[in-house]
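Student: Protein chains in written order, with my numbering: chain L, 1 to 476; chain V, 1001 to 1476.
To be clear, the hints were calculated from the coordinates, so they are not data collected in a lab. Since we're looking at a predicted model, the values are computed, not measured. All residues carry an ideal CB built from backbone N, CA and C; glycine is no exception. Where hints are given, some of them may not hold.
[Said to hold, decoys possible] To give an idea of the interface, some chain L residues facing chain V are shown, with a C-beta separation under 7 Å as derived from the structure:
no. : residue
1   : M182
2   : V193
3   : T288
4   : T413
[As the list claims (entries may be wrong)] Some but not every residue of chain V turned toward chain L, in silico, with C-beta under 8 Å:
no. : residue
5   : R1161
6   : G1192
7   : S1197
8   : P1213
9   : D1284
10  : G1414
11  : E1427
12  : S1431
13  : A1437
[Stated by the list, open to error] What follows is a list of derived Cβ distance ranges for each label pair:
no. : chain 1 : residue 1 : chain 2 : residue 2 : range
14  : V       : V1039     : L       : V102      : 46 to 52 Å
15  : L       : R308      : V       : A1240     : 15 to 21 Å
16  : L       : A392      : V       : H1119     : 30 to 36 Å
17  : L       : G302      : V       : A1016     : 54 to 60 Å
18  : V       : K1063     : L       : R403      : 39 to 45 Å
19  : V       : E1407     : L       : A11       : 49 to 55 Å
20  : L       : R299      : V       : H1119     : 46 to 52 Å
21  : V       : R1050     : L       : M1        : 38 to 44 Å
Protein chains: 2
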Amino acid sequence: MDPRIVDGLRAIVGDAGIETHPTRRATYESDGLAHVRRVPDLVLQPRDTRQTAEALRFLDQWKVPIVPRGAGTGLAGGATPVAGGVLVSTSRMRDVLEVDPVNRYARVQAGVVNVDLTHACATHGLFYAPDPSSQKACTIGGNVAENSGGPHCFKYGSTTRHVLGLVFVTATGEVVDLRGPMIDPIGLDLIGVFVGSEGLLGIATEVTVALVPVPPVVETLLAIFTSLDAACDAVTDVIAARLEPSALEILDERTIAAIEASVLAAGYPKDARAVLLVECEGTDLEVTTNLADITAILRRHGAIDLRRARAADERARLWAGRKGAYGAMGRIAPDLYVTDAVVPRTRLRELVRATTDICEKRNLRIANVFHAGDGNLHPNISYDRRDPGELARVLDAGAEIVRVCLEAGGSLTGEHGVGLEKIEGMEQQFSRDDLAAMCRVREAFDPLRRMNPGKLLPVRACMETRTRSPLGGSAP
Amino acid sequence: MDPRIVDGLRAIVGDAGIETHPTRRATYESDGLAHVRRVPDLVLQPRDTRQTAEALRFLDQWKVPIVPRGAGTGLAGGATPVAGGVLVSTSRMRDVLEVDPVNRYARVQAGVVNVDLTHACATHGLFYAPDPSSQKACTIGGNVAENSGGPHCFKYGSTTRHVLGLVFVTATGEVVDLRGPMIDPIGLDLIGVFVGSEGLLGIATEVTVALVPVPPVVETLLAIFTSLDAACDAVTDVIAARLEPSALEILDERTIAAIEASVLAAGYPKDARAVLLVECEGTDLEVTTNLADITAILRRHGAIDLRRARAADERARLWAGRKGAYGAMGRIAPDLYVTDAVVPRTRLRELVRATTDICEKRNLRIANVFHAGDGNLHPNISYDRRDPGELARVLDAGAEIVRVCLEAGGSLTGEHGVGLEKIEGMEQQFSRDDLAAMCRVREAFDPLRRMNPGKLLPVRACMETRTRSPLGGSAP
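Could you build all of it, start to finish, from the sequences and the hints given here?
Tutor: Okay, structure coming up:
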């Protein structure tokens, strides 16, 4: 990288805010989508909005790609610097700026870790609801970029439902300060379009989020099934009966085996074909009534054992297994391809089966651990990336899974984002006109498309917009 | 209007879809912001997405302004054709296209009336939650344009929380088809930015919305107060105590007098200084417990009478008064200026007082009926628009109310939108950079800014973007 760039940036962020050493830069070569790697030319760690804006204004002269990065826990390659350039990490923006318990919001720097925010408001009886499995590492800024979900988003909705304000810096170093809190958007809802934009519109530096009251009673139920089909059908029926648990998670036997063989051993029975984790929240009576109704449905679908946990430590153990499932599966094979897709909840069984068939006919091992209540599948395929033939089969299976889920009326991604992984699927999910509209919105923030190039929007779709608009007019 | 335009459009929408007669066009000269009027040059009533797209593609050759309109019940002038041009009404797009009770969504044409949608899904035990006071007339498309609220949005959130899909047509006749339903947005969230965009990005023709289960028990409580201050403080304390009613509405004595003198007479006591309507939903026990906790707080603040209504007809009567309040106030004076602004819920009493003072020192009559639970004030000022001096004082008071609420940390608008009415306030609420970003997003959809010109975004702010971007580059 041109030494004038390095010197200019060093003057803005100081020595502690810049990383030029190849070995240390190499730690940023990929995120959770492990098979795509490229070392960034430079890593920047600004301390706040001001430093970020100054750095981006400076970089605007050099027209290099800019790749925002939170904790790098994303599973779709959103933080991988595929086109090189400067990676901007939020790792030094970790301050909780304000907690307002009466108006129930918190304002934080983008690099605050998800679970730390919940800890910061625990004394007020409040918490931050979206809880990705990576919540001990992932950042609020990364959650905003990916519109992250989590088991409890079944009840509370994903990140976009919880963002009340945002400060972000665009490619040209402009600061858009919508810190709010705004219960409802005013003017054009730039917050709405920024959440989930995967770094293409800018880099969030501060986020104002809603906090919700900790429920008085929480109870977790572990239901054991003798088939994955039965667990899927049970979930479909719980949804159809309009019962309202706060989480509905299925783990299949391979996932259970991996967890029980790991340090996270959660006490899931090793001979189960599937387990279903159900959580209910509310008053004592609400929880009891709700669980009784749900239990009746589960038994009807052949649940052979139902274990209830109300004490915090018991519940924590059940959830630690679920949230540590990806880590535990690292034991099975060197690499794990974790994809996600959403299917109608009336067709869970059929589509879980279809994803299994897609993998098995390619001689791939699949394990399932997923947000069943949202119809959000997570087929996890074990592989060894040193075997190029196997990797090719994995990617081929991933593409077919997407296609099958879309054909069933589902969506490309539930919560992991599009990133690099799903970018081809965008042309299956959306028409040319839809993608062109997205590309023009992107260019409204970043005309040269320097922010996180190669992600979310297919290059081909964006090339087309060039000849159509924005200022070129659109006469017939 | 050029006869070639009329003929071209007639060929697309037929005789029934076009209105040229001056008297009939005149019915579209304003919306609920009664003092601003202009007759549109032509009124178009397309039947569906296809006709709308063809008409807009045709009109793109003529570069005329296009003004979308639902039922014209908006209170901020969003549907007033201030720059003339073609008004596109959704009044012939009234089909409910699909109700899916299991996956809990409905897909409707944009002109479907809000309450008709709720009626269409009643047999399934579901309803559409956002309930503006105008719900018997206003349309789902208009609700999307304005991100409308309503009393029950305190619990359920405003329109943006309920839109799962959208089909819209841009100024150039491009169809963006995001019909979904998508629980979470995929790609750039164009639905998020479209909701609340007040017709600047295009015209919605189909909307997919979430439906929610009708709660098993609903109870409405009417609490009588001897002062407006006490009612405000009671609401602040209910919020601070984290109780969860589904609606919290305050009506002051002038509003009560107007309602009780009208056909809607709801049985509100005429000697009360203020009444508070509280609604609770849930199971029998939840409602009973919740109301008991709320009642204790209300009594502490001096509520002198508490009337509970659980039967549907009793509840309907209490709500008919609230929802008919604007109509009833038509008895007080020839015209009514209904504004809205949001204030921190910890400062309700102080800011309701401030708005009263602002009006009284200008010798204006103010009545208050507002979504207290959301901190969403609705000062209603009676006036006679034939008296230009009085109108000037009303507008001046409106501007000061906005300023005071913004200074207190509030927002420009809660649910009525910016429209014409609040457009100057946008420059108080947002920085130049924020507005420039909004303008560029607008131009991503409509480079010539022909959609609903003069609304939402100040012309000055959008002029500035011209010299800065989008494709002009943004080098320092």
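Student: Against each hint, give a clear statement of whether it holds in the structure.
Tutor: Status of the hints after comparison with the structure:
1. M182: Nearest chain V Cβ about 6 Å off; hint holds.
2. V193: holds (4 Å)
3. T288: With Cβ-Cβ at 11 Å, over 7 Å, it is violated.
4. T413: holds (6 Å)
5. R1161: Check passed: Cβ of V/R1161 comes within 7 Å of chain L, closer than 8 Å.
6. G1192: holds (3 Å)
7. S1197: At about 6 Å, which falls below the 8 Å cut-off, the nearest Cβ of chain L leaves the hint on V/S1197 intact, so it holds.
8. P1213: holds (5 Å)
9. D1284: violated (10 Å)
10. G1414: Where the cut-off is 8 Å and the nearest Cβ of chain L is about 7 Å from V/G1414, the hint holds.
11. E1427: violated (11 Å)
12. S1431: holds (6 Å)
13. A1437: holds (5 Å)
14. V/V1039 with L/V102: 46 to 52 Å: holds (49 Å)
15. L/R308 with V/A1240: 15 to 21 Å: Taking Cβ atoms as reference, L/R308 and V/A1240 lie about 34 Å apart, which means the hint is violated.
16. L/A392 with V/H1119: 30 to 36 Å: Check failed, 54 Å falls outside 30 to 36 Å.
17. L/G302 with V/A1016: 54 to 60 Å: holds (58 Å)
18. V/K1063 with L/R403: 39 to 45 Å: holds (42 Å)
19. V/E1407 with L/A11: 49 to 55 Å: violated (38 Å)
20. L/R299 with V/H1119: 46 to 52 Å: Violated - the Cβ-Cβ distance for L/R299 and V/H1119, about 37 Å, lies outside 46 to 52 Å.
21. V/R1050 with L/M1: 38 to 44 Å: violated (53 Å)
Of the hints listed earlier, those the structure fails to meet are numbers 3, 9, 11, 15, 16, 19, 20, 21, in rising order.
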